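J.: Below are the chains, spelled out letter by letter.
There are 2 protein chains.
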Amino acid sequence: MAERIFGHIPNVYEGDVFESRLILSHNKVHRPTQAGISGSQKEGADSIVLSGGYEDDQDLGDVIIYTGHGGRDHNSKKQITDQTLSDKNLALALNCQNGLPVRVIRGANHKSKFSPEYGYRYDGLYKVVKYWKKKGKSGFNVWLFRLEKVDTDNRFGFEVKEETPGYSKTSRTAVTQQRINRDYSLTIKVKEIYNSHCQVCNVKLYTSAGFYAEAAHIKPLGKPHNGPDTLDNLLCLCPNHHVMFDFGGFTINDDFSLTGLEGELNINTEHKINKEFIRYHREHFAI
Amino acid sequence: MAERIFGHIPNVYEGDVFESRLILSHNKVHRPTQAGISGSQKEGADSIVLSGGYEDDQDLGDVIIYTGHGGRDHNSKKQITDQTLSDKNLALALNCQNGLPVRVIRGANHKSKFSPEYGYRYDGLYKVVKYWKKKGKSGFNVWLFRLEKVDTDNRFGFEVKEETPGYSKTSRTAVTQQRINRDYSLTIKVKEIYNSHCQVCNVKLYTSAGFYAEAAHIKPLGKPHNGPDTLDNLLCLCPNHHVMFDFGGFTINDDFSLTGLEGELNINTEHKINKEFIRYHREHFAI
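Chains as they are written, first to last, in this note's numbering: chain A, 603 to 889; chain B, 603 to 889.
Think of the hints as simulated: they come from the structure by calculation, not from any bench.
Hints are supplied without guarantee of correctness; some may be wrong.
Since the list gives no way to pick out one identical chain from another, each pair is judged satisfied if it fits inside one copy or across any two copies.
To be verified - Below are the SDA-like pairs computed for lysine to any residue, each with C-alpha atoms no more than 20 angstroms apart in a straight line:
id, residue 1, residue 2
1, Lys715, Asn677
2, Lys644, Asn743
3, Lys680, Asp856
4, Lys713, Gly741
5, Lys736, Asn613
6, Lys729, Val752
7, Lys729, Glu616
8, Lys874, Arg633
9, Lys793, Glu605
10, Lys806, His628
11, Lys821, Phe858
12, Lys825, Asp856
13, Lys874, Glu621
14, Lys877, Ser798
15, Lys806, His844
16, Lys806, Leu863
17, Lys736, Thr853
18, Lys644, Phe813
19, Lys739, Leu860
20, Lys791, Gln643
21, Lys729, Gly701
22, Lys806, Gly865
Nothing here was measured: the structure is a model prediction, and the numbers come from that model.
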């Protein structure tokens, strides 16, 4: 099989419509003719087609909440067993970890106001910014992925308004402004409280520009988690433990001991952590 | 002083021209009326004005190579002592580490084909993707910063062509395509060679989607470093040591021992590292 192409396909532009899955595939925009996700567990997912929809899906234009695959009854489409983070779901999780974009194609039968009138429309590149699991109405787990448009030119002609405290209500380029409108003073504050030491392993990294640590939200900001941008929802972590935390390598118990890692979280008396957020993280990010 | 604003200023749009530094300041786009960089050592730099130019500066539109401040004779503008990574230079380095964008304003006396005819034009947000030092023609060190446009709408009406092996010669959105056109198979390869163990500390991180490690270029890709996208220019590192490496926390000696950290680099016989790149990194990234 030819090498998998990540990113734009040469000579294919956002807004291009393809009549069928076959023609879409022939143009290399989305190679599989039936499956909704194109990808491998080794490299990641290069493209996805949105068509049909599932109850947890949300299409906000520049932001997409996308349900993973697997565990559904073929006829009724109902969830009949847990989804696992394997195969195509694992591919998308790899995009998230490796920062690779995925081509998004919307089909006419996609249940969204952004669907094309007919055929399949190439809608550009999205990043997978987060993945987590959720117990659906069926009682079974599904894996969900939050996608955010890369290099948006506001082609949908409106702005994504995230109605969450700390977010500006309007944003010219939704993705950039969301990142910027985090309360930056809080990230400075939490790093000051711990003097840039990681709350998990106590390491303090140094660079040419001083010490380095990362402020990590426990319950993620943004839809659909809507965690608050407040000190009680923040941790001061080294990059290693930030990656492990965000990607479900370990979780924090109510007594602040850890599952998945030895030891316990170091907490400063100045820093009150809300256990509701730790619980949310446990429920949604652990395998 | 009012809280520093990172990102776009409400009601100010790319392309807006301001007649003078005073008016620019009044509109909060760039608060200082004389200094070229607005920022603090604690938070980072919120805006910079490009006017005049220095010999190492390059303005490619969506990519800017920007010389830091300090060490110049006030009258002749010649470099008369080393620049240090402090004050405004440190502020820009913080943007790089923390991923914060900086507003870029081009002045009419900026020596570039992108300069406005008159006044000062707001040209949007850029990320500081790399910073390093270089011995200038004067014999003294200057600090340099590579800025890349965020959310580009190709307002300069052309494409940045990076004439480097491994890059596609034309790119619709320069920044995205550069990241994508890295040889992704090599990042997989170097992680396979070391089985996702960090070459510095041997740690192997686990997540819900498998093991996690990062492939780091030794001599950076892209102008002006133009390091190649090849296996002999790659390391397999944990996020902590990747941050420290990129931001000058340690360097690698010719015998693969380390300066700035205890120990030495673990090298697999399958992996030949080119010492020229290690030397380049030492010269340009160490404090």
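J.: Of the numbered hints stated previously, which ones are contradicted by the structure, given in increasing order?
T.: 1, 2, 3, 4, 5, 8, 10, 12, 13, 14, 19
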